[in-house]
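Enquirer: The chain contents come next:
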Amino acid sequence: MKTESKILLSLGLFFGIMCAVYWRWSVENAGGVMMFAGMLLCFLPGSYYYWWSRRMKERPEDNPNATQEEGAGFVGTFPGSSIWPFVLGMGAFFSVLALVFGIWFLLPGLFLGGWAVLGGSGEGRRGGKH
Amino acid sequence: MTDVLNPTHVHEEDHGHEEHHGPTGILKWMTTTDHKVIGMSYTITAVMMLVIGGLFAEIIRAQLASPNAGLVSLAQYNQLFTMHGSVMIYLFAGPFAFGALANFLVPIQIGAPDMAFPRLNALSYWLYLTGCITMLSGFFTSGGAANFGWVGYAPLSNSMNSPGAGADLWIGALLLTGFSAIFTGVNLAATIFYLRAPGMTMFRMPIFTWNMLVTGILILLAFPVLTAGLIMLYCDRHFGTHIFSVAGGGVPVLWQHIFWFWGHPEVYILALPFFGMVSEIIPVFSKKPTFGYKGMIFATLTIAALSLGVWAHHMFTTGVVLLPFFSAMSLLIAVPTGIKMFNWIGSMWRGQVWFSTAMLMSIGFVITFLIGGITGIYLASPPLDFFTHDTYFVVAHFHSVVMALVLGGMAGLYYWGPKMTGFLLNEKIGKSQFWFLFIGTQLFTFPQYLLGLRGMPRRMAVYPHDAQWQFLNQLSSLGAALIGISTILFVVNVVVSWKKYPAGDNPWDGHTLEWFTTSPPPHHNFYRLPKIRSERPTWDYNHPEHKALAHGHNNDGVNA
Amino acid sequence: MESTTLPPQDAPIRKRRTRRLRLIAALPIAALALAGCTLPKFGAVEGDTTSSQSVFHLWQWFSVAAVIIGGFTFALIVWAAFRYRRKSDDVIPRQVQYHLPAEVLYTIIPILVIIGLFAATLVVENKVVANPKTDVTVDVLAFQWGWKFTYPGSYALVYGQTTASPEMVIPAGENVHINLRSSDVIHGFYVHDFNFSRFAQPGIKNEFTFNALKTGTFFGQCTQLCGLYHSLMFFKVKVVTPEAYQVWLKSFNTPAGIAAYNAAKNASSQQTSSHVDTKPTSSSGAN
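Protein chains in written order, with this note's numbering: chain H, 1 to 130; chain L, 1001 to 1560; chain W, 2001 to 2287.
Honestly, the hints are just simulated from the structure, not real lab data. A portion of the hints provided could be inaccurate.
[Claimed, not checked] So these bits of chain W aren't anywhere near chain L, every CB distance computed over 12 Å: (1) SER2088; (2) TYR2098; (3) ASP2135; (4) GLY2160; (5) ALA2172; (6) GLY2173; (7) HIS2192; (8) PHE2208; (9) PHE2219; (10) MET2233; (11) ALA2260; (12) ALA2267.
[Stated by the list, open to error] Using C-beta positions, here's what the derived DEER-type ranges look like: (13) W:THR2217 with L:CYS1235: 45 to 51 Å; (14) W:ALA2119 with H:ARG54: 41 to 47 Å; (15) W:PRO2040 with H:TRP52: 57 to 63 Å; (16) H:ASN29 with L:ILE1133: 54 to 60 Å; (17) L:MET1048 with H:ALA20: 41 to 47 Å; (18) L:PRO1067 with W:PRO2242: 32 to 38 Å; (19) L:LEU1055 with W:GLY2173: 40 to 46 Å; (20) W:THR2162 with L:LEU1027: 45 to 51 Å.
Idealized CB from N, CA, C, for every residue including glycine.
Working from the sequences, and respecting the hints, build out all of it.
Expert: Shown next as structure tokens:
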């Protein structure tokens, strides 16, 4: 994971330098705050990957000489079909319409959203259908 | 949810690939989590948005073909260009760039069975679709759709100047599509970091995947800023806050800072995926490897990094931004863009160039982006921006670059469409589509550069007769008509070619992993995977005696 | 670090290729040299003020760079497409994938060009945003959908909406200082023949100075979307001789003129509230 961490950390460093130059030189604060936040957003996963990359053993995808057999076995769980993204999407849709057409739209919006959160988490625990 | 195992065997009947007791018909589409189906849904929806946005454009150009025209009223015109820009940028270009082909291709190009978070991927699509419905329903409200430009500057977008549901629907739609994009960004980064096949090191990934990774990171950095700004705007409109209004102690120009801090990375979020597409297509149709692979990656990262520091070059005329900083940063972006341009040329250089439709579109992309990019250099200089800002010079500049992206997108559809659907598109119709699109684009944009230099401002519903702008406007409208014809030709091509010419696994002698599997790929993408020893695993498998010269970069010092 | 040693038979090809490239690059430069010292206008106008002329020259030099670099790159693309079109389906070309000297070259040269463009930009920018001693001051107020011009120290008042196209009268050859404000939304103050525009914003006073060279009437327009009649928000700038300007100014010292001025002042004091006056921005950006 070294490459991944280096990408994020160098992006963060670049933003930090840009932010420092900008803040020193400019008269407005919004840009400085936004660039500073961008720097933090890069440092957070970047440093996590860096810390982790020094402790993990080499994954097959980081090994330039790996063969496909080395990656054999469990790759991940990939839910085959699920109604919950659609339900949650509809919940978000109605909640946003509440912004426009009245707060009563939050009723179906939050209901569908909540139902999807519960249903989706349950599906994840149970294993769901293929 | 089944556990997916790495397809290390050659057998084809593993792991219940054929046992699908799942739902059928429309319920199957509503519950799909397959990145290929989601990518296809994004593609179809995005192309529909392209057609709708294009219709608005044709009405605009028809209005502008004569001075003081009365085809549409002043109020309708303001809605037209607002919705044209909004539909094209928020509902077509963005989702097509990072939701359509990327969703389909990225997992296959790295040898993964699906995206890291398939259900989140599906949610992204539903948020996008409902966002489209939300934005377009503004036309059916009594006040009409949003009419304050696709950038929604405060104070024009506040409740006093833009009352009505159309504006709120615009805000709501951007909230939905914004979260859709953020979730896609999460998926892209996680998939690329964690699901690569054995041997697929970071520096063996295809350029398209690299660009999608950087796009994903940019999405995560930029989109939350827009979302926050939209919430602030909504609060100003409905909850009595005064964030952007002077009367309550607020600062209107803050909207511009927030909007453009998102807005400029956004245009690179739009551009990088198409850069990636073209970066793959040109080498394949030149029968050579990507020229300057590491330089391309370096250039992409530099563009992304710089793009977060140039936002106020859209605000030079406000008088309250640090001109030299943003001018220098904006001029610098020309350097990595130039590196990419010369690398594309280098990929063709001394190759065997095959002018398929995809390759023609790609070359059209490179030429058009060259023009648009160079006119951007002018705009990076504040004194030159002072007299071109908000004129048709700027309109021509950004239409040059986005039409280049459309050319690139068409290249992508002609190149990867067969992989997605299993059938080839008709090359003859494709080539005529290309010529209409390319010539139409230049005829559309060049008069607008001159119009801007002659003083015609943008967002003008009518213009005076004695300004003598009519001839150039007519030329530009003719160009727009040619572009419209090219779009019709594309739809005709899809209908005429439907399921006609089977593509086979690898019709183009492609280099990357997606050309190793069937067209369309099976459930979980691969029956088997080849050994991966360079960024061209399929080419190496098919042409083992023509590996890329010099082992230093790709093979990490290993003779495979 | 340099590219793999090429077999001897490639050397002549490489020399031929670089010679061809130099020829392609030389053509636009030669054309410019033949054109003599007067550069083409490249679509822009010299304009009527001292700073508009500097901006015009900057435009010309940017265009020279654009034509050379754009023309060279375009020629490369077209050349590559034609010269290397496939001759047969079976030939697989040499799988070259990098050439470090070329890559370094087309990284360094654009950086140098950019530095040059930036330096030229700074020089002209300092001229345009400079704040010299001024002889005339005009307060410009933009509103939906017209313009109001007042001249501090006099009763002069010009006011008009949309196509009434109010006329700002200024003397030629003198430094004219503009204080630009808006009372509602953002508008754009744009005069084509001055090669200049600036936002009029609520809560911000934008200041700039120009010096008109010749007399004449120049058209202006709002360029920033401001609502329904944005397309019709015209104004004019009339540059007259200093003597004619003084005559014009004094023509407002009539009872009717003074009454109109006072009426407008009372009306506008109810319109806007707090103003945040910023000092004019110089290139250093420091206030």
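Enquirer: It remains to establish, for every hint, whether it holds in the given structure.
Expert: The hints, checked one at a time:
no.	hint	in the structure
1	SER2088	8 Å, violated
2	TYR2098	5 Å, violated
3	ASP2135	22 Å, holds
4	GLY2160	16 Å, holds
5	ALA2172	20 Å, holds
6	GLY2173	22 Å, holds
7	HIS2192	3 Å, violated
8	PHE2208	8 Å, violated
9	PHE2219	8 Å, violated
10	MET2233	10 Å, violated
11	ALA2260	27 Å, holds
12	ALA2267	17 Å, holds
13	W:THR2217 with L:CYS1235: 45 to 51 Å	46 Å, holds
14	W:ALA2119 with H:ARG54: 41 to 47 Å	45 Å, holds
15	W:PRO2040 with H:TRP52: 57 to 63 Å	60 Å, holds
16	H:ASN29 with L:ILE1133: 54 to 60 Å	38 Å, violated
17	L:MET1048 with H:ALA20: 41 to 47 Å	46 Å, holds
18	L:PRO1067 with W:PRO2242: 32 to 38 Å	37 Å, holds
19	L:LEU1055 with W:GLY2173: 40 to 46 Å	53 Å, violated
20	W:THR2162 with L:LEU1027: 45 to 51 Å	57 Å, violated
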